[in-house]
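Chemist: Starting from the given sequences, assemble the full structure and let the hints guide the process.
In full-length UniProt numbering, the protein residues as written are 1 to 294.
Simulated from the structure, these hints should not be mistaken for laboratory data.
Treat each hint with caution, since some may be false.
[Said to hold, decoys possible] Now the in silico label distances, taken between C-beta atoms and shown as ranges:
(1) Ala223 x Val196: 31 to 41 Å
(2) Ala251 x Asp272: 43 to 53 Å
(3) Arg159 x Ala274: 19 to 29 Å
(4) Asp244 x Gln281: 39 to 49 Å
(5) Ser4 x Ala274: 37 to 47 Å
(6) Ala79 x Arg164: 19 to 29 Å
(7) Ser4 x Val260: 31 to 41 Å
(8) Ala256 x Asp153: 33 to 43 Å
(9) Arg21 x Asp153: 54 to 64 Å
(10) Asp181 x Ala139: 20 to 30 Å
(11) Val255 x Arg73: 37 to 47 Å
(12) Arg25 x Gly146: 47 to 57 Å
Yeah, the Cβ is synthetic: ideal placement off N, Cα and C, and Gly gets one too.
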Amino acid sequence: MRFSSQGAELVGLVHLPAGAREGERLPAVAVLGSWTTVKEQMASLYAQRLASAGFAALTFDFRGFGESEGTPRHEESPARKIEDIRAAVAFLSTHPAVDAGRLGLVGICASSGYIAAAAADDARVRSAVMVAPWLHDAALAAAVYGGPEGVADRVRKGREARARFASTGEVIHVPAVSTTDASAAMVGPFDYYLDVRRGGIPQWGNRFAVMSWPEWLEFNALASAPRLRAPTLIVHSEEGAIPDGARRFAAAMPVAPRVVWMPGTQFHFYDDPATVDWASQEAAAHLRATLSQR
1 MRFSSQGAEL VGLVHLPAGA REGERLPAVA VLGSWTTVKE QMASLYAQRL ASAGFAALTF
61 DFRGFGESEG TPRHEESPAR KIEDIRAAVA FLSTHPAVDA GRLGLVGICA SSGYIAAAAA
121 DDARVRSAVM VAPWLHDAAL AAAVYGGPEG VADRVRKGRE ARARFASTGE VIHVPAVSTT
181 DASAAMVGPF DYYLDVRRGG IPQWGNRFAV MSWPEWLEFN ALASAPRLRA PTLIVHSEEG
241 AIPDGARRFA AAMPVAPRVV WMPGTQFHFY DDPATVDWAS QEAAAHLRAT LSQR
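Modeler: Have a look at this one:
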């Protein structure tokens, strides 16, 4: 399945319920995964489960990732990804298996901030789900990335990499994840990304464009909360990534979201069968209630 965003061709897959009938119009969601990832990783698990629950579920590669077009490759640009999500909503609204009046968005980890920004400004999106959301502002980013000095160092390197790209066309990459390389975007024993039986799949590539740092660190994922009026479900864990971001986002929304706290680490939400099943069931129940037949 292919559609366009800002002139680039995006590649995706629409997961349909096994018993879907030709001509049937289904409620639909786009499902987006963690930063740096591709459609075959955690997004696919949730899309498959939501399709089994009766939804048309789209997964796709953002511009610059996986099978999709777009350069620079592996650039984590919130603005660009939000544009791609809007393009996905437009694509779903014209898909022959989709009821355009029953569209929702599901974001996992960092994509939660992206889907919130897209949904806040698009009345076509009638429901939102955030699973293990990574929602940072400047203060939360500093707490994660070594304080103001750590942030400033990454921003400086990112701006230098951006200048190199502008002058030569070269994209400087570092590993997205490493246990030993301090320059990696994520440093530590993050087995999900390093195990080929889990998220360390060939389609991913384990690359991060250094020029991504300034926009990523300066992106305020909490800013869209006051504008997000679509019924929203937040599923998170106190052991997950920056749960305070989820609390602050929920508190800033004009209509209180449903918030479900579950046990488990951030990576349990990516591929632990019991956790993914539970979170998917919560998501399906929320989407079913908020995307009811018109």
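Chemist: Each hint: holds or not?
Modeler: For each hint, the structure was consulted:
no.: 1; hint: Ala223 x Val196: 31 to 41 Å; in the structure: holds (37 Å)
no.: 2; hint: Ala251 x Asp272: 43 to 53 Å; in the structure: violated (28 Å)
no.: 3; hint: Arg159 x Ala274: 19 to 29 Å; in the structure: violated (43 Å)
no.: 4; hint: Asp244 x Gln281: 39 to 49 Å; in the structure: violated (26 Å)
no.: 5; hint: Ser4 x Ala274: 37 to 47 Å; in the structure: holds (38 Å)
no.: 6; hint: Ala79 x Arg164: 19 to 29 Å; in the structure: holds (21 Å)
no.: 7; hint: Ser4 x Val260: 31 to 41 Å; in the structure: holds (36 Å)
no.: 8; hint: Ala256 x Asp153: 33 to 43 Å; in the structure: holds (38 Å)
no.: 9; hint: Arg21 x Asp153: 54 to 64 Å; in the structure: holds (56 Å)
no.: 10; hint: Asp181 x Ala139: 20 to 30 Å; in the structure: holds (27 Å)
no.: 11; hint: Val255 x Arg73: 37 to 47 Å; in the structure: holds (39 Å)
no.: 12; hint: Arg25 x Gly146: 47 to 57 Å; in the structure: holds (50 Å)
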